[in-house]
Amino acid sequence: MAARVVVIGLASDFGCQVQMTNIEDDLLDVLGTIDLVYWQLAASGHMPEEYDVAIVEGAVTTDAHVETLKRVRETASVVIALGACAATGGIPALGATGDLEAHYGCVYGQDAAQVACGRITPMAIDSVIGVDYVVPGCPIDTEEFLVVLSRALLGLKSRVPAEPMCAICKTKENVCFFERGELCLGVITRTGCGARCITLGRPCTGCRGVAPEANLDSAIALLAEKGITAERLFERARLYNTLEEALDR
Amino acid sequence: MLMSASAYRELQANPYRPWPARITSIMDLTEHEKLFELRIIDNEVREAFKFDSGQFVELSIFGVGEAPISISSAPSKQGFIELCVRNAGDVTGALHRKQCGDVVGLRGPFGRGFPFSEMKGHDVLLVAGGLGIAPLKSLINHIHDDRHDFGKVTILYGARNPDEVLFRYQFDMWKHRDDFDLKLTVDEADDTWTDGVGRVTGLFEELDIDPSVTYGAICGPPVMYRYVIDEMREKKMDVDKIYVSFERRMKCGIGKCGHCGVGHQYACVDGPVFNYWEAMNLQEAI
Amino acid sequence: MFFRVMDKERVPELVSGLSESFELFGPVAKGEKFVLDRIEDPAELRLDFDTTLLPPKKLFFPPEDQMMRFRVADNEVLDDEVFAAPRMIFGLHPCDINALMLMDNVFTGDYEDPYYTARRASTMIVGVSCVPTESCFCNAWGTDEVHWGFDVFLTDIGDRYFVSVHSVKGAELLDQHVVTREITDEDTAAFQERTRAFKSSFTEELDTAQLPLLLDAKFDDKLWDELGERCLSCGACSMVCPTCYCFDVKDRLAADGKTGVRVRTWDSCQFSEFAEVAHGDNFRASRASRVKYRYYHKQWGYLSKFERVLCVGCGRCAKACLAGISPREVVKALEKGGEC
Numbered sequence: 001m002a003a004r005v006v007v008i009g010l011a012s013d014f015g016c017q018v019q020m021t022n023i024e025d026d027l028l029d030v031l032g033t034i035d036l037v038y039w040q041l042a043a044s045g046h047m048p049e050e051y052d053v054a055i056v057e058g059a060v061t062t063d064a065h066v067e068t069l070k071r072v073r074e075t076a077s078v079v080i081a082l083g084a085c086a087a088t089g090g091i092p093a094l095g096a097t098g099d100l101e102a103h104y105g106c107v108y109g110q111d112a113a114q115v116a117c118g119r120i121t122p123m124a125i126d127s128v129i130g131v132d133y134v135v136p137g138c139p140i141d142t143e144e145f146l147v148v149l150s151r152a153l154l155g156l157k158s159r160v161p162a163e164p165m166c167a168i169c170k171t172k173e174n175v176c177f178f179e180r181g182e183l184c185l186g187v188i189t190r191t192g193c194g195a196r197c198i199t200l201g202r203p204c205t206g207c208r209g210v211a212p213e214a215n216l217d218s219a220i221a222l223l224a225e226k227g228i229t230a231e232r233l234f235e236r237a238r239l240y241n242t243l244e245e246a247l248d249r
Numbered sequence: 250m251l252m253s254a255s256a257y258r259e260l261q262a263n264p265y266r267p268w269p270a271r272i273t274s275i276m277d278l279t280e281h282e283k284l285f286e287l288r289i290i291d292n293e294v295r296e297a298f299k300f301d302s303g304q305f306v307e308l309s310i311f312g313v314g315e316a317p318i319s320i321s322s323a324p325s326k327q328g329f330i331e332l333c334v335r336n337a338g339d340v341t342g343a344l345h346r347k348q349c350g351d352v353v354g355l356r357g358p359f360g361r362g363f364p365f366s367e368m369k370g371h372d373v374l375l376v377a378g379g380l381g382i383a384p385l386k387s388l389i390n391h392i393h394d395d396r397h398d399f400g401k402v403t404i405l406y407g408a409r410n411p412d413e414v415l416f417r418y419q420f421d422m423w424k425h426r427d428d429f430d431l432k433l434t435v436d437e438a439d440d441t442w443t444d445g446v447g448r449v450t451g452l453f454e455e456l457d458i459d460p461s462v463t464y465g466a467i468c469g470p471p472v473m474y475r476y477v478i479d480e481m482r483e484k485k486m487d488v489d490k491i492y493v494s495f496e497r498r499m500k501c502g503i504g505k506c507g508h509c510g511v512g513h514q515y516a517c518v519d520g521p522v523f524n525y526w527e528a529m530n531l532q533e534a535i
Numbered sequence: 536m537f538f539r540v541m542d543k544e545r546v547p548e549l550v551s552g553l554s555e556s557f558e559l560f561g562p563v564a565k566g567e568k569f570v571l572d573r574i575e576d577p578a579e580l581r582l583d584f585d586t587t588l589l590p591p592k593k594l595f596f597p598p599e600d601q602m603m604r605f606r607v608a609d610n611e612v613l614d615d616e617v618f619a620a621p622r623m624i625f626g627l628h629p630c631d632i633n634a635l636m637l638m639d640n641v642f643t644g645d646y647e648d649p650y651y652t653a654r655r656a657s658t659m660i661v662g663v664s665c666v667p668t669e670s671c672f673c674n675a676w677g678t679d680e681v682h683w684g685f686d687v688f689l690t691d692i693g694d695r696y697f698v699s700v701h702s703v704k705g706a707e708l709l710d711q712h713v714v715t716r717e718i719t720d721e722d723t724a725a726f727q728e729r730t731r732a733f734k735s736s737f738t739e740e741l742d743t744a745q746l747p748l749l750l751d752a753k754f755d756d757k758l759w760d761e762l763g764e765r766c767l768s769c770g771a772c773s774m775v776c777p778t779c780y781c782f783d784v785k786d787r788l789a790a791d792g793k794t795g796v797r798v799r800t801w802d803s804c805q806f807s808e809f810a811e812v813a814h815g816d817n818f819r820a821s822r823a824s825r826v827k828y829r830y831y832h833k834q835w836g837y838l839s840k841f842e843r844v845l846c847v848g849c850g851r852c853a854k855a856c857l858a859g860i861s862p863r864e865v866v867k868a869l870e871k872g873g874e875c
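Residue numbers (our numbering), protein chains in the order written: chain A, 1 to 249; chain B, 250 to 535; chain C, 536 to 875.
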């Protein structure tokens, strides 16, 4: 029996769900292997009572999100965090520092009170429930999504790459941004996207999270030699990694 | 006669291409380990498939990957191989979900096994810890099938607890034989356990061996080697008569992918069995 | 081997001629750097290149290489053929030609690697002499010279090339596509003079005495801990290395899950999982042990089998390492003691 899959969104711009539609050629094949019982982006109905795999996009920013996640965890045997917001808190987590109410006020002005009720400090979904698989990135890489989904369906172990992305970047024969004195977060950011942005000519912004195997001390030291301060590195890295403890220094 | 690399090449131009093999028997050994009997489907290949105890195969499940597994059956039994497999990773997990009759892939046999013909005519002391019994069981059964060519045969086997003792059905039978000196031990005993309790090294105390005619073979978790070798050296066994089998990460099994480096050697082609003199000279080995 | 002389201005006509019968590759500019790429127009070929970002291994052992296609249901191989079109690489420096010969040792032998060897057999090589850059240390290993492993080698002697012709095919192609002339005493003298000038233009003579033994003797040296603290665990060194051959193997399923491809991808011994086994033991868990292993294998592991070190002194890893770890400095620290 095909696995019953739901796709739901918490606090996000739905970009990763849209990215799923960009799988295009392969999407119908994928849909042939699963029983997609609910896709929030495309559905107007309600979540079904039972399902096997929950793909969760977005960060947790309200009490309702917490409740939703708990229900999801009780129902699904597999939970996949989809995208930076779900995986690391992503952009919504920028609101996790400072005065939360002030942030809402700044963005929504007088309407702030009506924007969302029961709001809480933003967090990644693994702060609320256990997560089995992660597809990091803003937005997700569709190829990686397919690999993770198939691993989940086959019951294989989660394999989120631990190293920074310089190696794959080298295989693309990109000229290193540091050689031009520009800051690129690839040196501390989790590999797995094929160094896509760098290959397109933009430095890495760290959307895939800090690589567990990154050597931050050494990175800070070498950047200093190139005239790039640790403050600049952290400021840039926090855009997607506000909640990353490794950057609390 | 072992299948040589050139014989392999004649049967299979691409050494990365697995041979289809059928699972012909599955036996539950413990909560985490099963014994699989596999038969290569192609008659010519199955007949050419000759191996030494201590050699391994690459088990291939397409869509999941490959994993190196040492052969547990004896070379004296031909036409099939047995693999004692712990459900530990993706490939072994997928194998555990397979049914009798399913087809998987096999490459091999690869690596250097135990020097069986050199051991002949001598006493042997075999020491296994946990899953380390898997390759040693091949050697034990081979010796069993050639018993008159060997002197005293001593087997020491340690596991964490009685539930994790592998091949217990076979050892329970052998305990009553006087041509095998079999000693079992567990770290934590339960009510059913009547054998030893404690580390496998504890079994050396009461051991009476003649070091001048004894070959040793060791396989177990990485932490075990140092202690067992110390005991064997204490008994004055020669460094080049003690054989150890190492487990390392492997992808190719044929000396290309680089994963199984141990010191300046590769476990897949230079090992996985080394004698202790060689192993002493391999950095990071023990 | 026989020798001819070819005027430099004849290179474009030779290249044009060759590109009719081969997929022609050679050094072309990428920004201020160079890469080995298809030559469509002879004007793109830059024989004045210093080094290429990736070494020629990418053309024989691509960063991602399909090994076979398979079907899941019955675990069957659908196809493991290697398609290797006739190719020529025009413009490899001696270090990179030597590197390919070191790779050959690994991918041939008892179990021949069909993917690498098929591409190697279908690829002709035209070497070209170089001028040592600051980061070159090929002179330390004798890989500044190359005596075989090419079809034709062009040594720059001013307005002309001293052409060493090694293969029959190379000789035929020269005959077919370009005008060369016999060498004169003057040409040979110029060749010798160029070689002397080349040899004396290296910035230093690296002391490599007893390096394998030193690696064992200093296996526990604090040097490795210091390097481990600096290493970024990024693996860039392995990717750009012309002799690093380690690979990972992965199965990729098609979207319908029914078929898939088994691919191999470049791997690095600097990655944390490189020596980790399924149930968790990691034989090189620390960065220091991984940095050390790279040197240990290159300068001793490989040597113990093939009597050569697995380094050609191209300097790519030193340039790629943001943390500034350079084999030249590591060797100096091993030989003389102290930090690097």
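One thing to keep in mind: the hints can contain errors.
[Unchecked claim] Partial selection, computed: residues in chain C whose CB lies under 10 Å from chain B:
{"#": "1", "residue": "F584"}
{"#": "2", "residue": "E717"}
{"#": "3", "residue": "F726"}
{"#": "4", "residue": "R729"}
{"#": "5", "residue": "F733"}
{"#": "6", "residue": "F737"}
{"#": "7", "residue": "D786"}
{"#": "8", "residue": "G795"}
{"#": "9", "residue": "V812"}
[Said to hold, decoys possible] DSS-like mimics (lysine-lysine), calculated; alpha carbons at most 25 Å apart, straight line:
{"#": "10", "chain 1": "C", "residue 1": "K753", "chain 2": "B", "residue 2": "K347"}
{"#": "11", "chain 1": "C", "residue 1": "K871", "chain 2": "C", "residue 2": "K753"}
{"#": "12", "chain 1": "C", "residue 1": "K867", "chain 2": "C", "residue 2": "K734"}
{"#": "13", "chain 1": "B", "residue 1": "K326", "chain 2": "B", "residue 2": "K283"}
{"#": "14", "chain 1": "B", "residue 1": "K369", "chain 2": "B", "residue 2": "K484"}
{"#": "15", "chain 1": "A", "residue 1": "K157", "chain 2": "B", "residue 2": "K283"}
{"#": "16", "chain 1": "B", "residue 1": "K485", "chain 2": "B", "residue 2": "K369"}
{"#": "17", "chain 1": "C", "residue 1": "K785", "chain 2": "A", "residue 2": "K172"}
{"#": "18", "chain 1": "C", "residue 1": "K568", "chain 2": "A", "residue 2": "K226"}
{"#": "19", "chain 1": "A", "residue 1": "K172", "chain 2": "C", "residue 2": "K568"}
{"#": "20", "chain 1": "B", "residue 1": "K424", "chain 2": "B", "residue 2": "K401"}
{"#": "21", "chain 1": "B", "residue 1": "K347", "chain 2": "B", "residue 2": "K432"}
{"#": "22", "chain 1": "B", "residue 1": "K283", "chain 2": "B", "residue 2": "K432"}
{"#": "23", "chain 1": "C", "residue 1": "K593", "chain 2": "C", "residue 2": "K753"}
{"#": "24", "chain 1": "B", "residue 1": "K347", "chain 2": "B", "residue 2": "K326"}
{"#": "25", "chain 1": "B", "residue 1": "K485", "chain 2": "B", "residue 2": "K401"}
{"#": "26", "chain 1": "B", "residue 1": "K484", "chain 2": "B", "residue 2": "K432"}
{"#": "27", "chain 1": "B", "residue 1": "K369", "chain 2": "B", "residue 2": "K424"}
{"#": "28", "chain 1": "C", "residue 1": "K565", "chain 2": "A", "residue 2": "K172"}
{"#": "29", "chain 1": "B", "residue 1": "K369", "chain 2": "B", "residue 2": "K347"}
{"#": "30", "chain 1": "C", "residue 1": "K793", "chain 2": "A", "residue 2": "K157"}
{"#": "31", "chain 1": "B", "residue 1": "K369", "chain 2": "B", "residue 2": "K283"}
{"#": "32", "chain 1": "B", "residue 1": "K432", "chain 2": "B", "residue 2": "K369"}
{"#": "33", "chain 1": "B", "residue 1": "K347", "chain 2": "A", "residue 2": "K157"}
{"#": "34", "chain 1": "C", "residue 1": "K753", "chain 2": "A", "residue 2": "K226"}
{"#": "35", "chain 1": "C", "residue 1": "K785", "chain 2": "C", "residue 2": "K593"}
{"#": "36", "chain 1": "C", "residue 1": "K785", "chain 2": "A", "residue 2": "K157"}
{"#": "37", "chain 1": "A", "residue 1": "K172", "chain 2": "C", "residue 2": "K734"}
{"#": "38", "chain 1": "B", "residue 1": "K369", "chain 2": "B", "residue 2": "K401"}
{"#": "39", "chain 1": "B", "residue 1": "K347", "chain 2": "B", "residue 2": "K401"}
{"#": "40", "chain 1": "A", "residue 1": "K172", "chain 2": "A", "residue 2": "K226"}
These are computed hints drawn from the structure, not numbers from a lab.
Here the structure is a predicted model, which means the values were calculated and not measured.
Quick reminder that beta carbons are idealized off the backbone N, C-alpha and C, glycines included.
Verify the proposed pairing of K347 (chain B) with K401 (chain B), using a straight-line Cα cut of 25 Å.
violated (40 Å)
Between K369 (chain B) and K283 (chain B), is the straight-line Cα distance small enough, at 25 Å or below?
violated (31 Å)
Pair hint outcome, K369 (chain B) versus K401 (chain B) [Cα-Cα no greater than 25 Å]
holds (11 Å)
Hint check: is the beta carbon of R729 (chain C) less than 10 Å from a beta carbon of chain B?
violated (38 Å)
Compare the distance between the alpha carbons of K369 (chain B) and K484 (chain B) with 25 Å, and conclude whether the hinted pair is satisfied.
Judged against 25 Å, a Cα distance of about 21 Å means the pair holds.
Check whether the Cα positions of K785 (chain C) and K593 (chain C) lie no farther apart than 25 Å.
holds (18 Å)
Does the alpha-carbon distance linking K369 (chain B) and K347 (chain B) stay inside the 25 Å limit?
violated (38 Å)
Verify the interface restraint on V812 (chain C): the C-beta must sit less than 10 Å from at least one C-beta of chain B.
This interface hint holds because 5 Å falls under the 10 Å limit.
Given hint K401 (chain B) paired with K424 (chain B) - CA-CA distance at most 25 Å
holds (15 Å)
Distance restraint between K347 (chain B) and K157 (chain A), which requires alpha-carbon spacing of 25 Å or less:
holds (17 Å)
For a C-alpha distance cap of 25 Å, please report whether K785 (chain C) and K157 (chain A) respect it.
Between K785 (chain C) and K157 (chain A) the Cα gap is close to 14 Å, so the pair holds against 25 Å.
Are the Cα atoms of K785 (chain C) and K172 (chain A) separated by 25 Å or less?
Holds: K785 (chain C) and K172 (chain A) sit about 19 Å apart, inside 25 Å.
Of the numbered hints given earlier, the model fails hints 1, 2, 3, 4, 5, 6, 10, 21, 23, 29, 31, 34, 37, 39; all others are met.
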